[in-house]
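Asks: Sequence:
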Amino acid sequence: MFLRDLEQQSDHGLAAIAVDGEATAKTAEHNFWVEVWDREEQVLSETISRSPDSTVSQAAWQAAIRRRPGMLLIHYNSRHVMEKILTPGEVKIPLQAIIDGSVHAALDVALGDLREWHVLRAWCRSCSHHATVKPAGLIERYGKGALLSSVERALFCTSCDRGGPVRLEIHKLPRN
Numbered sequence: 002m003f004l005r006d007l008e009q010q011s012d013h014g015l016a017a018i019a020v021d022g023e024a025t026a027k028t029a030e031h032n033f034w035v036e037v038w039d040r041e042e043q044v045l046s047e048t049i050s051r052s053p054d055s056t057v058s059q060a061a062w063q064a065a066i067r068r069r070p071g072m073l074l075i076h077y078n079s080r081h082v083m084e085k086i087l088t089p090g091e092v093k094i095p096l097q098a099i100i101d102g103s104v105h106a107a108l109d110v111a112l113g114d115l116r117e118w119h120v121l122r123a124w125c126r127s128c129s130h131h132a133t134v135k136p137a138g139l140i141e142r143y144g145k146g147a148l149l150s151s152v153e154r155a156l157f158c159t160s161c162d163r164g165g166p167v168r169l170e171i172h173k174l175p176r177n
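In our numbering, the protein residues as written are 2 to 177.
Be aware that a few hints might be false.
[What the hints assert, rightly or not] Under the rule of at most 27 Å between Cα atoms (straight-line distance), these lysine-lysine pairs were calculated in the DSSO-like manner:
| id | residue 1 | residue 2 |
| --- | --- | --- |
| 1 | LYS173 | LYS145 |
| 2 | LYS135 | LYS173 |
| 3 | LYS135 | LYS145 |
Think of the hints as simulated: they come from the structure by calculation, not from any bench. Quantities reported herein were computed from a predicted structural model and do not represent experimental measurements.
Produce the complete structure using the sequences and hints provided.
Replies: Put into structure tokens, the structure is as follows:
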């Protein structure tokens, strides 16, 4: 077949040629996501894990079940509801603590939740200096149960003269 024939067929929906990255550009982005609602499904607290990857979404769903007690979780694939569950337990944080989908109290990532492919980047809030921090070193010092917010308060910048407060970000190590 000639390229012209393939172009005509793709116009009629019979065939499609995908160059690197082109196939994903024509599909919907972020097909999977998890919504967190109050028990009565009146107030949307947050939307987490918008991803085109089903595996990432399933992991976020399992983590949300553990970390959002007493909340209604809805797992979507596009507009289709895949799963809907009222998590057991009592709500640990008031809804006012969730602002623009970001949790501002009680729910935090523990150092033990990080995997070997995660790396932390510490940013100084005063001078914007940043450095890579290995979670293993922090786990040795603070323990697996230590929350990132408490570790942030214990760290300080060694680059600036003010020893500014530090903000931690979670990143994945690049694949080889």
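Asks: What's the verdict on LYS135 and LYS145, does the C-alpha distance respect the 27 Å limit or exceed it?
Replies: 13 Å, holds
Asks: With a cut-off of 27 Å on the C-alpha distance, tell me whether LYS173 and LYS145 pass.
Replies: 19 Å, holds
Asks: For LYS135 and LYS173, compute the direct alpha-carbon distance and say whether it is at most 27 Å.
Replies: OK: LYS135 and LYS173 at ~11 Å, within 27 Å.
Comparing the model with each earlier hint shows no violations; every hint is respected.
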